[in-house]
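**Q** Read off the chains here:
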Amino acid sequence: MLARMLTITQALHDRIVEHARADHPDEACGVVAGPAGSDRPERFVPMLNAARSPTFYEFDSTDLLKLYRELDDRDEEPVVIYHSHTATEAYPSRTDVSYANEPGAHYVLVSTADTDGSGPFQFRSFRIVDGEITEEEVRIVAAY
Amino acid sequence: MAIEVRIPTILRTHTDGAKTVQGAGATIDELFKDLDSRHPGIRERLIDDGGALRRFVNVYLNDEDVRFLAGLGTELADGDNVTILPAVAGGAR
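Protein chains in written order, with this note's numbering: chain A, -18 to 125; chain B, 364 to 456.
Worth double-checking, as some hints may not be accurate.
Below are the SDA-like pairs computed for lysine to any residue, each with C-alpha atoms no more than 20 Å apart in a straight line [claimed, not checked]:
1. K396/B x R55/A
2. K47/A x D441/B
3. K382/B x A450/B
4. K382/B x E23/A
5. K47/A x V429/B
6. K382/B x I114/A
7. K47/A x P449/B
8. K382/B x D443/B
9. K382/B x D411/B
10. K382/B x E51/A
11. K47/A x K396/B
12. K47/A x F431/B
13. K396/B x T383/B
14. K396/B x R408/B
15. K47/A x D428/B
16. K382/B x D56/A
17. K47/A x A415/B
18. K396/B x R456/B
19. K382/B x D412/B
20. K382/B x P16/A
21. K47/A x D397/B
22. K47/A x R406/B
23. K47/A x T69/A
24. K47/A x N425/B
25. K396/B x D441/B
26. K396/B x P16/A
27. K382/B x G442/B
28. K382/B x P84/A
29. K47/A x F419/B
30. K47/A x T376/B
31. K396/B x D412/B
32. K382/B x L46/A
33. K47/A x I373/B
34. K47/A x N444/B
35. K396/B x Q385/B
36. K396/B x V420/B
37. K396/B x D56/A
38. K47/A x T378/B
39. K382/B x F431/B
The set of hints was computed from the structure by calculation and includes no laboratory data.
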């Protein structure tokens, strides 16, 4: 049963937003790994966007293999898979849904579309299972 | 000719939940046909209607993406490891 909430530390939240800000206008992407079965994001792993595009992201295939080997060795899962949208809202696109292959992950989207207003970046979390998008609450905590 | 194949979470519905399965074949293409004979449906998740490897499926022979080798024609040897990983991709486009 999937928890309908993402609980994440302020520090991890800030690192995701910082990565999205740094890579703007290209999309930024990465994962936050955590112990298998814990649903607790712990280890921030920024990834290179091999597409280097403002409208698309893809983990480099060699990096992807390295990442999954490492997760396996450490008995971890990709608890959070994050990426940024740089000109649109932080909501999964059709492309996002068609490539969503981790039904157990929290898909976090950050929008950097409002950089000029320096307003708060949108930071939202979704489950994407069998093509169905379910938004979930994000609870930001100081520590677990 | 035993090849160990690592199966990603999303495809374990075809392998009764198994993370690794054994297969056989002289090439990646033959290996996928062999897997499909015991794990029906898995091949069409990997290969498109035109018989090509799906764009957003990555297949590795040992440490190498088979797209940088000979694709589905990549030859296999006894004891090789094959890893299947769906691309992590998306975007606003």
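**Q** For each hint, tell me whether it holds in the structure or not.
**A** Now the hints, each set against the structure:
Straight-line distance between C-alpha atoms of K396/B and R55/A comes to about 32 Å, which puts the hinted pair past the 20 Å bound. Of the supplied pair hints, the one linking K47/A and D441/B is violated, its CA atoms being roughly 23 Å apart against a limit of 20 Å. About 17 Å separates the Cα atoms of K382/B and A450/B, which keeps this hinted pair within 20 Å; it holds. The suggested pairing of K382/B with E23/A is violated, with an alpha-carbon distance near 24 Å, which exceeds 20 Å.
Restraint check: the Cα-Cα separation between K47/A and V429/B comes to about 15 Å, which is no more than 20 Å; the hinted pair holds. Restraint check for K382/B and I114/A: the C-alpha separation of about 26 Å exceeds 20 Å, so the hint is violated. Among the hinted pairs, K47/A with P449/B is consistent with the structure: their alpha-carbon atoms are about 14 Å apart, no more than 20 Å. At roughly 16 Å between alpha-carbon atoms, K382/B and D443/B fall within 20 Å of each other, so this suggested pair holds.
A threshold of 20 Å between alpha carbons decides the hint, and for K382/B with D411/B the separation of about 23 Å lies outside it, so the pair is violated. Between K382/B and E51/A the alpha-carbon distance is near 15 Å, which keeps this suggested pair within the 20 Å criterion. At most 20 Å may separate the alpha-carbon atoms for a hinted pair to count; K47/A and K396/B exceed this at roughly 27 Å. For the given pair, K47/A sits about 16 Å from F431/B by alpha-carbon distance, which is consistent with the 20 Å threshold.
Taking the CA atoms of K396/B and T383/B, the gap is about 16 Å. The hint holds against a cut of 20 Å. At roughly 12 Å between alpha-carbon atoms, K396/B and R408/B fall within 20 Å of each other, so this suggested pair holds. For the hint linking K47/A to D428/B, the alpha-carbon distance of about 12 Å falls within 20 Å, and the restraint holds. At roughly 13 Å between alpha-carbon atoms, K382/B and D56/A fall within 20 Å of each other, so this suggested pair holds.
In summary, the hint linking K47/A to A415/B is not supported, as the alpha carbons are separated by about 25 Å, beyond the 20 Å threshold. Taking the CA atoms of K396/B and R456/B, the gap is about 34 Å. The hint is violated against a cut of 20 Å. Of the pairs offered as hints, the one joining K382/B and D412/B is violated, with about 26 Å between alpha carbons and a cut-off of 20 Å exceeded. Restraint check: the Cα-Cα separation between K382/B and P16/A comes to about 17 Å, which is no more than 20 Å; the hinted pair holds.
A threshold of 20 Å between alpha carbons decides the hint, and for K47/A with D397/B the separation of about 27 Å lies outside it, so the pair is violated. Restraint check: the Cα-Cα separation between K47/A and R406/B comes to about 24 Å, which exceeds 20 Å; the hinted pair is violated. Proximity of K47/A to T69/A is assessed by CA-CA distance (about 31 Å); at most 20 Å being required, the pair is judged violated. Taking the CA atoms of K47/A and N425/B, the gap is near 12 Å; set against the 20 Å cutoff, the hint holds.
Simply put, K396/B and D441/B have alpha-carbon atoms about 17 Å apart, close enough for the 20 Å limit, and the pair holds. A hinted pair counts as satisfied when its Cα atoms are at most 20 Å apart, and K396/B with P16/A does not qualify at roughly 35 Å. Taking the CA atoms of K382/B and G442/B, the gap is near 17 Å; set against the 20 Å cutoff, the hint holds. The hinted pair formed by K382/B and P84/A meets the criterion: a straight-line CA distance of about 16 Å does not exceed 20 Å.
Distance hint between K47/A and F419/B is fulfilled; the C-alpha atoms sit about 17 Å from each other, no more than 20 Å. Distance check on the hinted pair: K47/A and T376/B sit about 24 Å apart at the alpha-carbon level, beyond 20 Å; violated. Note on K396/B and D412/B: the hinted pairing holds, with a Cα-Cα distance of about 14 Å set against a maximum of 20 Å. Simply put, K382/B and L46/A have alpha-carbon atoms about 15 Å apart, close enough for the 20 Å limit, and the pair holds.
A hinted pair counts as satisfied when its Cα atoms are at most 20 Å apart, and K47/A with I373/B qualifies at roughly 18 Å. Among the hinted pairs, K47/A with N444/B is consistent with the structure: their alpha-carbon atoms are about 15 Å apart, no more than 20 Å. A distance of roughly 13 Å separates the Cα atoms of K396/B and Q385/B; the hinted pair therefore holds under the 20 Å criterion. Of the supplied pair hints, the one linking K396/B and V420/B holds, its CA atoms being roughly 16 Å apart against a limit of 20 Å.
For the hint linking K396/B to D56/A, the alpha-carbon distance of about 31 Å lies beyond 20 Å, and the restraint is violated. Note on K47/A and T378/B: the hinted pairing is violated, with a Cα-Cα distance of about 23 Å set against a maximum of 20 Å. A hinted pair counts as satisfied when its Cα atoms are at most 20 Å apart, and K382/B with F431/B does not qualify at roughly 25 Å.
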